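Peer 1: Could you build the full structure based on these sequences and the hints that come with them?
As they're listed, the protein sequences go chains P and H. Under our numbering, residues 28 to 169 are what the first sequence spells out, in order. Under our numbering, residues 63 to 335 are what the second sequence spells out, in order.
Misleading hints may appear alongside valid ones.
To be verified - Below, computed lysine-lysine pairings styled on DSSO-like, alpha-carbon distance capped at 27 Å:
#, chain 1, residue 1, chain 2, residue 2
1, H, Lys116, P, Lys147
2, H, Lys76, P, Lys147
3, H, Lys116, P, Lys155
4, P, Lys139, H, Lys116
Derived from the structure by calculation, the hints contain no laboratory data. This one's a predicted model, so the numbers in the text were calculated from it and none came from an experiment.
For reference, the chains in residue letters:
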Amino acid sequence: MTSTDDLSQMFDDESLKLQNLINLADSKSDLSVHEIVETYYQVMNVSSMSTLLKEQVESQPNSLLDKIQVIDKFISEQFNSNIHPQIMKTLSTSIQETTEKLQSGNLGKKSKEEIESEAKLFEELRQKMSTREFVEQYNKGL
Amino acid sequence: MIEKLAKNLVNLKKEFVSLYEGHSQIQEVIPISISELFPIEQQDLELLHQFTAKNPIYYNSYEKVIGCTPCIVYEGDINKYWLSSIQHGSSHAPFSPTWMMSAYVGTLLAKELGYSEVIDIGSGDGRIAFCGKVLDMESYSVEIDDMLVDLQKFLCITLDYNPLCSDAGMFDYSSLNLKQPIFFIGGLAQMGGVSLASEVIEKINSISDLWPNSGWVFAGTLSQKYAPDPKNEAGWGTLIEKNNLKSIQSISLPAAWTFHESDDTPYIFAQPN
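Peer 2: Printed below as a string of structure tokens:
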């Protein structure tokens, strides 16, 4: 059986990972798709842990409950109100810019190399679009 | 004979995948001439090559012997059509073509089953309708994306397979005076295909006496990426049961979207009970 100390330690570790990711997101305007997905997964991971642990420790006064409240507030104020809307906006702008770039580049005959190089840009666009869908799903749950 | 042809095509694709070193987004092969493995009319093969060589979605081609079959490899890119199709509110699935040879084998089976008209729904570049025409069937190609319909108008100079720019769920099929039609539904069940097929089925049901003579072909998937249908049929079981259809045959054929997958695309042929 996992002790309260173990749970508290695990929660601390995951919270620290989340704080690092959120700090990175706050300081970097062009997060990669991988960084965005990793940040959201960690937010969801810590939020789920928080919900689960609250039920377990609610009846007994302890420091874990305080930590949970602090991280919940951090997610709400730092991530949901600040970082998340910024990521949505950046993704939309980036998708629009890439789409326009690709649409304007559709004229004229291209070489095999040009077509295959442009295909990489289309692949990036697909990734950004599917990331936006993922982020929008998160938004619906708020 | 058709099942054997389909099997040989799947084997040819497997060999091609193991040999292919290119980087194109889509690629396919067509045998150059009639052979024991591909006993197809030479004239039909030449028409398939004409359609593909003229088709601007392909930007490169070269000869290669695959297994023991001399073929032409066609390399292509459909990204700009994808970009156009996803901007269509009523487009159910982005354009991704089946192989020319698969379109040919599918329509060959449709002809053997006794159908006289091919209606290619959500037709992309209209290759299934084109193959119907190659096999002397009447063909119609219904596509909502005007960019793809322009492509079809360019391609149908060789053989007119009647490209129609329309939302397939809104089209008036009674205007075609169909007698024994078979409808090829574009798109996987899980990628908007069910909704598209349901709309067309409702339209055909409303035309007096046409429903019992109709045939339906659904492109299925066995991929674990998609939730399976509780009634199976590669994703189409529930729609088949709900519309009182029965599955009469299934053949597996290569398509652009299964190039990197071990399972090819099961095409489910169904008709009213």
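Peer 1: It remains to establish, for every hint, whether it holds in the given structure.
Peer 2: Outcome of the hint check:
At most 27 Å may separate the alpha-carbon atoms for a hinted pair to count; Lys116/H and Lys147/P meet this at roughly 25 Å. For the hint pairing Lys76/H with Lys147/P, the CA-to-CA distance comes to about 25 Å; that is within 27 Å, so the pair holds. Between the alpha carbons of Lys116/H and Lys155/P the distance comes to roughly 33 Å, so the proposed pair goes past 27 Å and is violated. In summary, the hint linking Lys139/P to Lys116/H is supported, as the alpha carbons are separated by about 16 Å, within the 27 Å threshold.
In this structure, the one hint that does not hold is number 3.
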